[in-house]
Amino acid sequence: MNVEQVKQWMQLYQTEIEKNKDYLSQLDTDIGDGDHGNNMARGVDAVAAGLAKDNPADLAQTFKSIAMSLISKVGGASGPLYGTAFLEMAKAAKDSESDIPTLLQAAADGVAKRGGAKVGDKTMVDVWTPAAQDAKAGQLNAANIDKLVEATKPLRALKGRASYLGERSIGHLDPGAVSTGMLLKTLLQATAK
Amino acid sequence: MAANTQTGMVLVSHVPEIVAGISKLIRQVAPDINLTTAGGTSDGDIGTDATHILQAIDDNHADELMVFYDLGSAKMNLDLVTDMTDKTLHRYDVAFVEGAYTAAALLQAGDSRAEIEKQLAPLKIK
Ligand SMILES: Nc1ncnc2c1ncn2[C@@H]1O[C@H](COP(=O)(O)OP(=O)(O)O)[C@@H](O)[C@H]1O
Ligand SMILES: [Mg+2]
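As you go down the protein sequences, you meet chains E and S in turn. For the first sequence, counting from 1, position 10 maps to 6 in our numbering; every step adds exactly one. Position in the second sequence (from 1) plus 10 gives the number in our numbering.
Same shape as in the complex, but just chain E:
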């Protein structure tokens, strides 16, 4: 991955989030507080503004800029989670890592550590962790990502705001898993040759 691809990725993601802002908020209304679409829209706008202002020269700086925008602007739980994902990718990039599976693994580990959630807790970790494994196996594609997102539906939430609903969280997609699916699919688009 290079700086241009990351910028392209963030543009595609911004468009995707804007298109699905209401959908994400609706998902969050079902099992949370209804702000996920707005949180993410605020975040991706801040990312675009931050990248324009910072004009980062290398991959590590690019990820760092994205992380800081997300951390300071998202507002919800997804802020520190996505922020940590990009901070961890920045650290890996600083160690001269630039291949996608390695970066995704660093991001996934960071998200899991920050939130303390495990696969099956009905959070974005349900997408991040297995997607990083898929990437390593050369099997990260849109269909597999969709499957991971869909798999959150029958689960009962054990972490995050939805966990306060207990049984009532069953039967709904996790909003953070959906926005993570979008992030990974736009990554594939931005880096496809």
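Hints are not guaranteed to be accurate.
Unchecked claim - Straight line, CA to CA, 30 Å or less: simulated DSSO-like cross-link-like pairs of lysine-lysine:
#: 1; chain 1: E; residue 1: Lys15; chain 2: E; residue 2: Lys49
#: 2; chain 1: E; residue 1: Lys3; chain 2: S; residue 2: Lys134
#: 3; chain 1: E; residue 1: Lys155; chain 2: E; residue 2: Lys114
#: 4; chain 1: E; residue 1: Lys109; chain 2: S; residue 2: Lys134
#: 5; chain 1: E; residue 1: Lys3; chain 2: E; residue 2: Lys132
#: 6; chain 1: S; residue 1: Lys97; chain 2: E; residue 2: Lys90
#: 7; chain 1: E; residue 1: Lys181; chain 2: E; residue 2: Lys49
#: 8; chain 1: E; residue 1: Lys155; chain 2: S; residue 2: Lys134
#: 9; chain 1: E; residue 1: Lys155; chain 2: E; residue 2: Lys15
#: 10; chain 1: E; residue 1: Lys143; chain 2: E; residue 2: Lys181
#: 11; chain 1: S; residue 1: Lys136; chain 2: E; residue 2: Lys155
#: 12; chain 1: E; residue 1: Lys155; chain 2: E; residue 2: Lys143
#: 13; chain 1: S; residue 1: Lys128; chain 2: E; residue 2: Lys109
#: 14; chain 1: E; residue 1: Lys132; chain 2: E; residue 2: Lys149
#: 15; chain 1: E; residue 1: Lys3; chain 2: E; residue 2: Lys109
#: 16; chain 1: S; residue 1: Lys97; chain 2: E; residue 2: Lys87
#: 17; chain 1: E; residue 1: Lys17; chain 2: E; residue 2: Lys155
#: 18; chain 1: E; residue 1: Lys87; chain 2: E; residue 2: Lys109
#: 19; chain 1: E; residue 1: Lys143; chain 2: E; residue 2: Lys132
#: 20; chain 1: E; residue 1: Lys109; chain 2: E; residue 2: Lys143
#: 21; chain 1: S; residue 1: Lys136; chain 2: E; residue 2: Lys149
#: 22; chain 1: E; residue 1: Lys3; chain 2: E; residue 2: Lys90
#: 23; chain 1: S; residue 1: Lys34; chain 2: E; residue 2: Lys109
#: 24; chain 1: S; residue 1: Lys128; chain 2: S; residue 2: Lys97
#: 25; chain 1: E; residue 1: Lys181; chain 2: E; residue 2: Lys109
#: 26; chain 1: E; residue 1: Lys3; chain 2: E; residue 2: Lys87
#: 27; chain 1: E; residue 1: Lys149; chain 2: E; residue 2: Lys114
#: 28; chain 1: S; residue 1: Lys136; chain 2: E; residue 2: Lys114
#: 29; chain 1: E; residue 1: Lys132; chain 2: E; residue 2: Lys181
#: 30; chain 1: S; residue 1: Lys34; chain 2: S; residue 2: Lys136
#: 31; chain 1: E; residue 1: Lys3; chain 2: E; residue 2: Lys181
#: 32; chain 1: S; residue 1: Lys128; chain 2: E; residue 2: Lys155
#: 33; chain 1: S; residue 1: Lys134; chain 2: E; residue 2: Lys114
#: 34; chain 1: E; residue 1: Lys114; chain 2: E; residue 2: Lys87
#: 35; chain 1: E; residue 1: Lys181; chain 2: E; residue 2: Lys87
#: 36; chain 1: S; residue 1: Lys136; chain 2: E; residue 2: Lys109
#: 37; chain 1: E; residue 1: Lys149; chain 2: E; residue 2: Lys181
As the list claims (entries may be wrong) - Label pairs and their computed distance ranges (CB to CB):
#: 38; chain 1: E; residue 1: Thr11; chain 2: S; residue 2: Gln65; range: 48 to 54 Å
#: 39; chain 1: S; residue 1: His71; chain 2: E; residue 2: Gly112; range: 43 to 49 Å
#: 40; chain 1: E; residue 1: Lys132; chain 2: S; residue 2: Ala30; range: 46 to 52 Å
To be clear, the hints were calculated from the coordinates, so they are not data collected in a lab. These numbers come from a predicted model, not from an experiment. For glycine and all other residues, C-beta sits at the position ideal for the given N, C-alpha and C.
Please arrange chain S with the ligands on chain E, whose structure you already have, making use of the hints.
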């Protein structure tokens, strides 16, 4: 005994009114402690953000801080902030109101953090 002002206290909530209300409750029994708060985001929305929390940490006169919070995203932002500040943060996963009240009353009485932590232990809920 003089209040313990070496150890400060920070309250973090998704909503400004929650930290304002708890502060009011606390100040009644602990007028002299170092207390600062971060309620809501920097932009005044419901939620928490690292920048706003960092501000409350910087504003506190103490370098060692006992931190209390409401919901999970506050906890994640606190963990993020721990890496960004030179101050020492101690985060308590206890009932927010009861925990903050207990710590404040004991800080005012001059107790050390170690003593206070014994009282906080049974209040752990998250
Ligand atoms: N502890 C956690 N670990 C991993 N992901 C989490 C955790 N808590 C929340 N999430 C993710 O964050 C999403 C909610 O984000 P958002 O609505 O922006 O924040 P909030 O819950 O603070 O309103 C959830 O759908 C879930 O995927
Ligand atoms: Mg929400």
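Structure-inconsistent hints, enumerated in ascending order: 2, 23, 38, 39
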